[in-house]
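Take 1 as the starting number for the sequence shown in our numbering and just add one per residue.
Among these hints, one or two may not hold up.
Unchecked claim - Okay, the calculated beta carbon distance ranges per label pair:
{"hint": "1", "residue 1": "Lys233", "residue 2": "Phe342", "range": "39 to 45 Å"}
{"hint": "2", "residue 1": "Leu277", "residue 2": "Arg114", "range": "50 to 56 Å"}
{"hint": "3", "residue 1": "Arg114", "residue 2": "Pro208", "range": "55 to 61 Å"}
Keep in mind the hints are simulated off the structure, nothing from the lab. C-beta: ideal position from N, C-alpha, C; glycine also.
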Amino acid sequence: MRSLLLACLLAGAARPAAASAKNAGGDTAQFLTIGAGARALGLGDAYGPVAEGPDAIYWNPAGLAGLPGPQASYSHVEYLRSFRHEHFAYAQRALGGGMGFAGTVWRAAELDARTSANVHLGKFAPHSESFAVAYARSFWEHSDMPTRDREFFLDKYDMPWTPRPIQEPDVSWEGSARFGLAVKAVRETIRERGASAVAVDLGGLYYPYAVEGLSASLTLRNLGSRPRFIREKGSLPTEAGVGLAYARRSDRRVFMPVLELALPYYGDPFAKLGFELGTRLGEGSSAFLRGGYKTQSAPHLGPAAGATVGVGVQVRHLSLDLAFQPMGELQDVLKLSLGYKF
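Using the sequences provided together with the hints, build the complete structure.
This is the structure:
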């Protein structure tokens, strides 16, 4: 029964990547691979280098360092009419950086419990939960100290008998950086049996001064203990990722392409790419169009299953996002997200 439930969960999560021969496993807590937020799905889940707001707790906790103020988010999605996934998060400025809390609840429809002799024992509904706390901080943010120091010493170089360097150092690598950490408790329950684990997510963001609008990300998610069902231990879906995003802005519009490479410990690497086109509608209001593609889904469900599209609107403090992904025989996916800035 457990194997059947896990297989259904894998399908419902739209994460059908085959495990490699050398790294077979990662069969526990697959609900952790379902992303937070419709904006991320609209971008093909290439959200590591874009991460901002409360949803950054899931994708890249380093994004919390850029919070301008308190924010909350909620997202809902259903798979195969039998699985429901809810994600909620809250984040604010604290302790010189950004701090947040997030929760994820995954529930399946009721199933019949039967013995090997086909004796009916009643009904049960498998469910899983994850709760996380996160903190992030910025380093070298908006700092012009290196530039001022160089100008000071360059003035001294013009003085008589002052030694000069062989060459002026290259400073093109300078920029601001953000680092974040999330710690989460994970619990899965199948009837009267359960398994628990503790995991951490690590994230970093880098914004080079030389290229305005460019961001680079490095993430490591679901690194933690091995939950045990009865006597059997499972493995969490650990995954690393690197990504790039470039936001080109004008007075009323912004265009942002995004690319991210995912490196799961169990399974084959896959790419995620997307774009976001935003336009300002008026004072305090904007609209967004998004598109994306995930190479992970295409080999198993067809090329169309890798595509995602999304739309969003922001009116003052409130934001609404919708995203769609065609999944063929596994039923199309529609994700809804709400956000509020206090």
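A quick look at each hint next to the structure:
1. Checked against the hint of 39 to 45 Å, the C-beta distance between Lys233 and Phe342 comes to roughly 42 Å, which is consistent with it.
2. Between Leu277 and Arg114 the beta carbons are some 52 Å apart, a value that agrees with the proposed interval 50 to 56 Å.
3. For Arg114 paired with Pro208, a C-beta distance near 60 Å keeps the hint of 55 to 61 Å intact.
Going down the numbered hints, you'll see the structure goes against none, and every one checks out.
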